[in-house]
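Chemist: For reference, the chains in residue letters:
2 protein chains.
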Amino acid sequence: MVKVVLIGSGNVAHHLIEAFAKNQKVDVIQVFARQKESVTTLFDSNKIISNYTDLADADLYIIAVSDDAIASVSEQIPFENRLVVHTSGTVAMNSLDSKNRKGIFYPLQTFTKNKAVDFSQIPICLESENESDFELLNKVAQSISNTVFKINSLQRKALHVSAVFVNNFVNHLYQIGHEICIENNVPFEILKPLILETANKIMNLSPKEAQTGPAKRNDTKTIEAHLDLLSNENQATIYKILTQSIQNNGKKL
Amino acid sequence: MVKVVLIGSGNVAHHLIEAFAKNQKVDVIQVFARQKESVTTLFDSNKIISNYTDLADADLYIIAVSDDAIASVSEQIPFENRLVVHTSGTVAMNSLDSKNRKGIFYPLQTFTKNKAVDFSQIPICLESENESDFELLNKVAQSISNTVFKINSLQRKALHVSAVFVNNFVNHLYQIGHEICIENNVPFEILKPLILETANKIMNLSPKEAQTGPAKRNDTKTIEAHLDLLSNENQATIYKILTQSIQNNGKKL
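First to last, the sequence lines map onto chains A and B. No gaps in the numbering here: position 101 of the first sequence is 101 in the numbering used here, and each next residue is one more. No gaps in the numbering here: position 48 of the second sequence is 48 in the numbering used here, and each next residue is one more.
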């Protein structure tokens, strides 16, 4: 069994604790949480520590804390030459303190506390400073996920930017659609099957092939009618810019 | 059985023919198609007509043609005082010729030819000029869908604008994500589970509750790093505007 220590008590740490609990290849021997109560429902409280000097010997230390805290947490690990990874999509591998061997263990998903996830479907992106450490990271990742990728730091950065577009920004467009419905007394429920189908469609088609709508058709009459209906200036600005981008096929404006 | 004539041979017509074929409450007695070949695989070719003078007596005529053609098609129906509806999300009910009783039968979904849809999950939005016609429309809609809504023309227009945001624009953001992946040698596959989860998440949470990411967190460092990576000016413009909109919580800029 690979011995793992998890440092953190946020969403990612919670979901990792649950995922590892179910498997026979990885043994989470400790969880570090500044506030023990935040993980006691998930993990044996005798193995929860809140003092770095209590950290036990392990094959792998996974730092799952907020981006800003990664560097300082990695400095406080009282060992040398251990394998220490973080779970962030944006923070550079080199932000980890150099006294230990560095790596990345980045599960690419949007985690919500109290919402169960099927970790086997979540891609995990791995990177390691030393080739020899990759094997161990791969073993740990494969024990919980069916899709594991070797991704370098530049690729990971690009992935994270893409994720902002397809997750954060997409969700914001859902919010705008929601607001337009509320303003016009229409149940947002009506749009939910469309939202699911829009996502499902690109599982087999490229987004370019899947594109439909007035912008794609250059249907100026409909575009003008839509802009007339949007009383909110912010919504109109977004409508115009995305319409123009579709019309230019994503090329430079 | 309600006797229905379907006018049109595009995506919506195709999917309606297939949906009605399976049910016992509606009898599609004719399909009007300018080019018979376009529907012969789906429908008894003896009942396909391409001349308006061949139109038979029916309880309901459904015009499923492109927005621009709806008015002229409705003029060419050689009857009076029949129930005639169209399937468009944008065209006004009053675009239909006044010699017949008007209505709307708008299935809100993105249809792709040759991609099967489960019509029972597709919301159908109905409107009728006369209250007495609503019952028949409702019966026809309920025969193929589990979610039928009474929606007036203004609400339908708002729905369509919302649909542009949550479908057309969302798909365009998928395309941008796809392009960023290609430019940086990252498999777009990695993002697919995230895309599905983003859509699934708002089935139970409001989009506002589901919002995450650097814009929401006001994480200026990450936002700047992302803008650095975007070499395409169009992508950068969209990134900035959507980030600002999230930060302003969708309020006027």
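Among the clues, some could well be false.
If chains are identical, the list can't say which one is meant, so a pair holds when it fits in one copy or spans any two.
Pairs of lysine-lysine, PhoX-like flavour, derived with a Cα cap of 25 Å [as the list claims (entries may be wrong)]: (1) 150 with 216; (2) 139 with 221; (3) 192 with 240; (4) 216 with 3; (5) 240 with 47; (6) 150 with 192; (7) 139 with 36; (8) 221 with 115; (9) 47 with 216.
Calculated directly from the structure, the hints in this document are not laboratory data.
Chemist: All the hints need checking, so say for each whether the structure fits it.
Modeler: Status of each hint after checking the structure:
In this homomeric assembly, residue 150 and residue 216 never come within 25 Å of each other (Cα to Cα): the closest approach is 36 Å inside a single copy and 29 Å across copies. In this homomeric assembly, residue 139 and residue 221 never come within 25 Å of each other (Cα to Cα): the closest approach is 57 Å inside a single copy and 33 Å across copies. In this assembly of identical chains, residue 192 and residue 240 lie within 25 Å of each other by CA distance solely inside one copy; the values are 24 Å within and 27 Å between copies. Proximity of residue 216 and residue 3 under a CA criterion of 25 Å is satisfied in neither setting, with 53 Å inside one chain copy and 36 Å between copies.
Within a single copy, residue 240 and residue 47 get their C-alpha atoms no closer than 55 Å, and across copies no closer than 44 Å, so neither meets the 25 Å cut-off. In this assembly of identical chains, the alpha carbons of residue 150 and residue 192 lie at most 25 Å apart only when taken from different copies (17 Å versus 35 Å within one copy). In this assembly of identical chains, residue 139 and residue 36 lie within 25 Å of each other by CA distance neither inside one copy nor across copies; the values are 29 Å within and 59 Å between. In this assembly of identical chains, residue 221 and residue 115 lie within 25 Å of each other by CA distance neither inside one copy nor across copies; the values are 43 Å within and 29 Å between.
In this assembly of identical chains, the alpha carbons of residue 47 and residue 216 never lie at most 25 Å apart, being 57 Å within a copy and 34 Å across copies at closest.
The structure shown violates the earlier hints numbered 1, 2, 4, 5, 7, 8 and 9.
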